[in-house]
Amino acid sequence: DIQMTQSPSSLSASVGDRVTITCRASQGIGNYLAWYQQKPGKVPQLLIYAASTLQSGVPSRFSGSGSGTDFTLTISSLQPEDVATYYCQKCSSGPLTFGGGTKVEIK
Amino acid sequence: QVQLQESGPGVVKPSGTLSLTCVVSVGSISSSSWWSWVRQPPGKGLEWIGEIFPSGNTHYNPSLSSRVTVSLDRSKNQFSLKLTSVTAADTAVYYCATRSGFDPFDYWGQGTLVIVSS
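Residue numbers (the working numbering), protein chains in the order written: chain X, 1 to 107; chain R, 1001 to 1118.
Any given hint could turn out to be false.
Computed Cβ-Cβ distance ranges for the label pairs, DEER-style [said to hold, decoys possible]:
(1) X:Ala50 with R:Thr1087: 35 to 43 Å
(2) R:Lys1013 with X:Arg61: 45 to 53 Å
(3) X:Glu105 with R:Asp1103: 28 to 36 Å
(4) R:Ser1118 with X:Ser12: 37 to 45 Å
(5) R:Gly1027 with X:Glu105: 30 to 38 Å
Derived by calculation from the structure, the hints in this document are not laboratory data. Cβ coordinates follow ideal geometry from the N, Cα and C atoms, glycine included.
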């Protein structure tokens, strides 16, 4: 089965900083990769699908890139409301594995 | 816009069976979507459990497949999860969710906490 590995597991950054989260698949998954944001006590929300397509209503400071095995979620200018845990997920055939998550905090 | 709502016991005894239902209150369970279950142990990450298509085709997480059954009831517009031989490690918030084709989960229920305890 394909494993999804996120890094880092947590990060602390200042408001306005550029933040980058990486997700690596153990085998190629094309662009079948999604990113979710989960705020404390809340339901996960879809941010990005097909590796780089922004879900409707998601602020443009979020962007995704990559294909094959290496993917990136970028927050261009971190805002206080972005404090959350971010998960990647493979959406190709087979088990719909999530990455382990990246907790983003404000410094 | 699809609306999902989980229901079921909040406490299950060890070695027992966890049974949850997800009602599709807006939308049709007969649509061309996968109906899924995801769980999240307290303080931990998300784990996909399994899913069912209206045709009855199912996919399961290999790590849980020996204990999991996902089924669908068209007459009640709902789908269900059964997880047998539960232990404390199965304590989690259980979410139902839906997706189409190879898309990600675009609609989720609010989640229900299930504690495995005697």
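Structure-based check of each hint:
no.: 1; hint: X:Ala50 with R:Thr1087: 35 to 43 Å; verdict: holds (37 Å)
no.: 2; hint: R:Lys1013 with X:Arg61: 45 to 53 Å; verdict: holds (47 Å)
no.: 3; hint: X:Glu105 with R:Asp1103: 28 to 36 Å; verdict: holds (30 Å)
no.: 4; hint: R:Ser1118 with X:Ser12: 37 to 45 Å; verdict: holds (40 Å)
no.: 5; hint: R:Gly1027 with X:Glu105: 30 to 38 Å; verdict: holds (36 Å)
Checked against the numbered hints above, the structure violates none of them.
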